[in-house]
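**Student:** Spelled out from the first residue to the last, the chains are:
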Amino acid sequence: MVMSKAPVDAVPDPAPPPTGTRVGKRGRMIGRGWVQAAILVTLAGFLVLGFLAMRTYQAQPPIPEKVTTSDGQLLFTGEDIRQGQEAFLRNGLMQYGSIFGHGAYLGPDFTADYLHRAATSVQDQYGGTEAGHARTVEDFKANRYDDKTGTLVWSPAQGKAFTELTAHYAATLSSPEGKNGLRPNAITDPAEIHDLTAYFGWTAWASAAERPSKTYSYTNNWPSEPLVDNKPTGHTVTWSVLSLIFLLVGAGALFAAFGRWNFLGWHNRDHRELRFHAPRDVRLTPAQRATAWFFFIMSGLFLVQTLLGSATQHYRADLQSFFGFPLDQWLPYNLTRTWHVQLSIFWVVTSFLAIGIFLAPLIARGWEPKRQALLTRLLLGALVVVVVGSLLGELAGMRGWLGPLWAQLGNQGFEYLDLGRIWQVLLTLGMGIWAFILFRGLRRRLRTEHLANMPWLFFLAALALPAFYAVGLLASPDSHFTAADFWRFIVVHLWVEDFLELFTTATVAYLFVLLGVVRERVALSVIFLDVVLYSAGGVIGTMHHLYFSGEPAEHLALGATFSALEVVPLLFLTVEAWSFLQLGARRKSASSTPFPHRWAVMFLAAVGFWNFLGAGVFGFLINLPIVSYYEIGTGLTANHAHAAMMGVYGMLAVGFAMFALRYLIPEERWSDRLASISFWSLNLGLAWMSFATLLPAGALQLYKVVDAGYADGRSLGYLQGGTNMFLEWLRLPGDVVFMVGGVLPLLWLSYLGIRYRSKTTRSPEAPAETLLFTEIVPDSSDDKAEDTDAADLVVGVADKVAGGPEATR
Amino acid sequence: MSGEAAFAAGYVLVLLAGVVALEIWGRQNTSAWASRVFAGYRRAVPDAPRPADQTDWPHSEVHRFHAVIALSVAAIALVLVAAALVRNHGPIEIAVLGAVALPHGMLLARRAPRLLRRPAPPPG
Numbered sequence: 023m024v025m026s027k028a029p030v031d032a033v034p035d036p037a038p039p040p041t042g043t044r045v046g047k048r049g050r051m052i053g054r055g056w057v058q059a060a061i062l063v064t065l066a067g068f069l070v071l072g073f074l075a076m077r078t079y080q081a082q083p084p085i086p087e088k089v090t091t092s093d094g095q096l097l098f099t100g101e102d103i104r105q106g107q108e109a110f111l112r113n114g115l116m117q118y119g120s121i122f123g124h125g126a127y128l129g130p131d132f133t134a135d136y137l138h139r140a141a142t143s144v145q146d147q148y149g150g151t152e153a154g155h156a157r158t159v160e161d162f163k164a165n166r167y168d169d170k171t172g173t174l175v176w177s178p179a180q181g182k183a184f185t186e187l188t189a190h191y192a193a194t195l196s197s198p199e200g201k202n203g204l205r206p207n208a209i210t211d212p213a214e215i216h217d218l219t220a221y222f223g224w225t226a227w228a229s230a231a232e233r234p235s236k237t238y239s240y241t242n243n244w245p246s247e248p249l250v251d252n253k254p255t256g257h258t259v260t261w262s263v264l265s266l267i268f269l270l271v272g273a274g275a276l277f278a279a280f281g282r283w284n285f286l287g288w289h290n291r292d293h294r295e296l297r298f299h300a301p302r303d304v305r306l307t308p309a310q311r312a313t314a315w316f317f318f319i320m321s322g323l324f325l326v327q328t329l330l331g332s333a334t335q336h337y338r339a340d341l342q343s344f345f346g347f348p349l350d351q352w353l354p355y356n357l358t359r360t361w362h363v364q365l366s367i368f369w370v371v372t373s374f375l376a377i378g379i380f381l382a383p384l385i386a387r388g389w390e391p392k393r394q395a396l397l398t399r400l401l402l403g404a405l406v407v408v409v410v411g412s413l414l415g416e417l418a419g420m421r422g423w424l425g426p427l428w429a430q431l432g433n434q435g436f437e438y439l440d441l442g443r444i445w446q447v448l449l450t451l452g453m454g455i456w457a458f459i460l461f462r463g464l465r466r467r468l469r470t471e472h473l474a475n476m477p478w479l480f481f482l483a484a485l486a487l488p489a490f491y492a493v494g495l496l497a498s499p500d501s502h503f504t505a506a507d508f509w510r511f512i513v514v515h516l517w518v519e520d521f522l523e524l525f526t527t528a529t530v531a532y533l534f535v536l537l538g539v540v541r542e543r544v545a546l547s548v549i550f551l552d553v554v555l556y557s558a559g560g561v562i563g564t565m566h567h568l569y570f571s572g573e574p575a576e577h578l579a580l581g582a583t584f585s586a587l588e589v590v591p592l593l594f595l596t597v598e599a600w601s602f603l604q605l606g607a608r609r610k611s612a613s614s615t616p617f618p619h620r621w622a623v624m625f626l627a628a629v630g631f632w633n634f635l636g637a638g639v640f641g642f643l644i645n646l647p648i649v650s651y652y653e654i655g656t657g658l659t660a661n662h663a664h665a666a667m668m669g670v671y672g673m674l675a676v677g678f679a680m681f682a683l684r685y686l687i688p689e690e691r692w693s694d695r696l697a698s699i700s701f702w703s704l705n706l707g708l709a710w711m712s713f714a715t716l717l718p719a720g721a722l723q724l725y726k727v728v729d730a731g732y733a734d735g736r737s738l739g740y741l742q743g744g745t746n747m748f749l750e751w752l753r754l755p756g757d758v759v760f761m762v763g764g765v766l767p768l769l770w771l772s773y774l775g776i777r778y779r780s781k782t783t784r785s786p787e788a789p790a791e792t793l794l795f796t797e798i799v800p801d802s803s804d805d806k807a808e809d810t811d812a813a814d815l816v817v818g819v820a821d822k823v824a825g826g827p828e829a830t831r
Numbered sequence: 199m200s201g202e203a204a205f206a207a208g209y210v211l212v213l214l215a216g217v218v219a220l221e222i223w224g225r226q227n228t229s230a231w232a233s234r235v236f237a238g239y240r241r242a243v244p245d246a247p248r249p250a251d252q253t254d255w256p257h258s259e260v261h262r263f264h265a266v267i268a269l270s271v272a273a274i275a276l277v278l279v280a281a282a283l284v285r286n287h288g289p290i291e292i293a294v295l296g297a298v299a300l301p302h303g304m305l306l307a308r309r310a311p312r313l314l315r316r317p318a319p320p321p322g
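Taken in sequence, the protein lines are chains A and B. Numbers given in the numbering used here equal positions in the first sequence, counted from 1, plus 22. Numbers given in the numbering used here equal positions in the second sequence, counted from 1, plus 198.
The set of hints was computed from the structure by calculation and includes no laboratory data. Among the clues, some could well be false.
Below, a sample of chain B positions facing chain A; criterion: calculated Cβ distance under 8 Å [claimed, not checked]:
id, residue
1, Phe205
2, Leu211
3, Leu213
4, Pro256
5, Ser258
6, Glu259
7, Phe263
8, Val266
9, Leu278
10, Leu283
11, Arg285
12, Glu291
Glycine is no exception: its CB is placed at the ideal position from the N, C-alpha and C atoms.
Generate coordinates for the entire structure from the input sequences, incorporating the hints supplied.
**Tutor:** Below is the structure:
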């Protein structure tokens with residue numbers, strides 16, 4: 023690292039604003055091509071997404087008005103199917119098993135389970151494997167739905183199978199002993215059981231019956247089921263191969279382009295010098311102080327989430343009891359998993375909300391409007407109400423305590439969108455209020471900035487969070503499942519993987535700019551590059567979740583192609599991640615105070631690792647349609663989910679907390695050792711979780727599915743088998759390390775943040791260098807230093823040294 | 199030899215490949231100015247900075263981070279083998295599982311003390 027000495031009075035005068043900009047307003051700091059490319063790629067992506075949304079409604083499997091047998095017996099009606107879906111969601115069955123492969127992994131996939139059991143019954147009725155196979159295939163593959171009359175006709179054998187399966191689901195879902203992950207006597211109403219069976223039967227029909235004028239089913243022949251000759255389609259195989267080619271070409275083209283052209287605009291040796299202030303010299307604004315409570319609550323929610331995760335995991339290792347305690351009576355699997363999944367979003371979002379509020383005064387050069395802290399505390403209160411209310415609502419909804427209000431106040435039941443509609447609206451509004459708080463704090467700065475500069479990008483990225491979370495409101499329990507799943511994945515995939523990613527990139531880039539480790543122009547280029555790459559792959563790539571849930575084949579083709587391209591930015595950003603820190607060039611601080619954000623930076627670096635491994639490798643492992651065809655809903659999905667969600671967003675959330683806590687906790691109370699223990703324990707615990715259990719158990723389960731069919735591989739019988747149980751128990755040491763070594767130190771540090779945070783707050787007139795630990799002093803040869811946020815701080819420092827006014831404000 | 203023991207042995211070999219990959223990954227020069235990917239950048243810059251040294255922070259953490267994860271994977275492999283041996287302990291199973299565990303054990307015994315002795319380089 024190069025040590026450069028520079029006099030603080032060597033700060034160049036601010037450059038005149040570019041032509042065409044209002045005097046006092048900073049012009050665009052990045053080439054127009056970047057902005058045009060970002061807008062065009064995003065618009066193109068959403069245009070195609072809009073087309074796919076339209077096709078979803080056109081091509082989803084029809085819900086018949088009635089289902090009869092060919093000899094005239096009425097089996098069930100369309101209303102029964104809709105009521106069955108509502109019963110499925112109300113009782114939290116999507117957090118127990120799955121439907122069309124989507125949901126939880128302990129219980130069966132009810133689509134595949136019904137199909138397998140019904141096909142077995144029909145084949146037996148036709149005389150067994152030898153005599154009955156062809157007729158069984160014909161019964162299930164022939165599409166006897168008449169869209170003019172709305173009538174679907176099944177064979178008498180299929181009708182008999184329906185009756186048998188009604189009894190089967192009555193026995194399993196209303197079992198008085200429990201011991202299957204659900205609470206004892208979970209669903210006892212015969213009408214509900216009938217409707218549930220009708221719903222499962224309809225999804226099974228859609229998974230085997232051929233689409234009109236096609237040779238494959240509504241679900242692209244998913245699930246794999248030898249009894250009805252359900253095999254991968256030509257589309258599934260072809261687009262798997264093509265998507266691999268797209269991945270190779272895309273990655274090659276991107277790396278070639280970056281090797282050839284200087285996209286990011288790195289120019290020359292960085293002569294700036296970093297100095298670090300003693301933490302006691304840094305003053306926080308009132309709103310920044312208030313975020314201490316956010317981080318404490320974040321850590322508390324994280325702890326509860328991991329405890330619930332361990333209870334959820336225990337069911338996979340031992341269904342009988344929780345070390346002798348009948349946990350299923352009080353906290354059945356579907357409830358612990360619902361809470362575990364919902365809390366994973368809540369605690370991460372809590373950290374993201376807090377870091378936004380924490381950064382706003384830094385971006386606004388120390389200015390904070392009045393009552394910003396009050397609004398922040400009100401937001402925190404609202405967040406607590408939504409979290410507690412929605413979790414209790416989910417318990418009450420599943421127990422049937424809310425009557426007809428179950429979907430509004432209780433649980434809507436869609437995995438990841440489990441919370442009741444009112445809580446969902448309130449959470450969206452809460453994020454909207456957060457965006458308003460950010461706007462209040464940033465508005466003075468925004469007035470002086472071009473729309474394509476970092477302050478606006480930071481705000482717009484924040485604004486996208488409530489906007490795209492709100493899309494989840496289009497999915498409701500009475501929606502057609504295929505359409506509901508489309509909108510659900512706009513939240514699960516697009517909101518998380520694109521817009522949370524965009525806000526993350528903007529936030530991390532801004533942190534690095536403020537800390538002086540990266541130039542604003544470079545950071546801006548990275549943000550635009552992120553927008554272009556993620557929009558190119560991620561928007562349409564959302565469809566990779568929807569290969570087999572009733573969408574037409576074009577969703578599969580486009581989803582496979584574009585989601586393969588999603589790996590390209592992950593590859594690139596991993597290569598580039600470490601160089602993002604200090605531009606990969608040698609530079610040294612002349613400060614005697616050590617760099618204070620070591621562990622925040624380490625958590626951000628861990629994000630790069632898990633982004634590549636968890637999101638990139640483990641994600642791509644299951645992404646190809648031909649792999650997903652067998653793999654969906656197995657342990658390999660859980661492996662990707664944990665390594666990506668915790669590894670990327672979890673580590674980010676903790677990294678943000680570490681950054682802010684370094685300011686909130688007085689120096690004498692701060693413990694680098696606790697931060698270190700938390701960092702290593704979270705990473706080792708996550709690696710253990712993945713490599714000891716999720717990856718090998720998932721691989722074995724995949725083999726079982728390919729070998730014996732999907733229903734067998736997902737059955738409780740398989741999960742309770744010796745080898746799987748052995749692998750499930752192996753997870754225990756890693757989970758203990760994760761919780762005890764990883765989460766508890768974080769909770770303690772965040773407690774110190776509220777217990778010992780300084781009562782002295784920053785006044786609006788306070789000098790700029792008390793904003794951050796870092797002060798950046800440019801060399802006299804520094805080019806365009808006045809363009810950067812860091813330079814703004816530098817100018818403030820120079821003014822103070824010279825005793826003059828803060829000229830830049 | 200039981201299917202479970204065969205699977206465990208195979209998976210432990212896969213983990214060994216993972217350990218090696220992590221070690222290699224951790225030894226890469228993370229300085230952008232030394233990367234072939236950014237050759238175009240270097241050509242365009244007359245006053246190119248000296249690439250960061252692997253001992254400079256935060257680049258110094260790259261190797262340490264990957265080494266710790268690699269060793270934890272080796273530890274997982276040993277625990278997996280030990281647990282598999284409790285359930286499958288025929289002579290062939292002991293021989294095969296012992297053989298695949300050996301490289302992990304050697305790696306752990308050789309690298310872990312060295313890693314623990316070497317203090318984490320401070321940022322600055």
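**Student:** For each hint, tell me whether it holds in the structure or not.
**Tutor:** Hints versus structure:
1. Because the closest C-beta pair between B/Phe205 and chain A is about 7 Å apart, less than 8 Å, the hint holds.
2. Given the 8 Å rule on beta carbons, the hint for B/Leu211 is violated: about 12 Å separates it from the nearest Cβ of chain A.
3. The interface hint given for B/Leu213 holds, since its Cβ lies 7 Å from the closest Cβ of chain A, which is under the 8 Å cut-off.
4. For B/Pro256, the shortest C-beta to C-beta distance to chain A is roughly 5 Å, which falls under 8 Å, so the interface hint holds.
5. Evaluation of the B/Ser258 hint against chain A yields a violated restraint, the C-beta minimum of about 11 Å exceeding 8 Å.
6. With its C-beta approaching chain A no nearer than about 6 Å, B/Glu259 sits inside the 8 Å limit, and its interface hint holds.
7. Hint status for B/Phe263: holds, given a least beta-carbon distance of 7 Å to chain A, under 8 Å.
8. The restraint placing B/Val266 at the interface with chain A holds, with a minimum CB-CB distance near 7 Å, inside the 8 Å limit.
9. A distance limit of 8 Å between C-beta atoms decides the matter here; for B/Leu278 the minimum to chain A is near 7 Å, and the interface restraint holds.
10. The interface hint given for B/Leu283 is broken, as the beta carbon of that residue sits about 12 Å from the closest beta carbon of chain A, more than 8 Å.
11. Satisfaction of the interface hint for B/Arg285 is found here, the shortest Cβ-Cβ separation to chain A being roughly 6 Å, below the 8 Å cut-off.
12. Because the beta carbon of B/Glu291 sits about 14 Å from the nearest beta carbon in chain A, more than 8 Å, this interface hint is broken.
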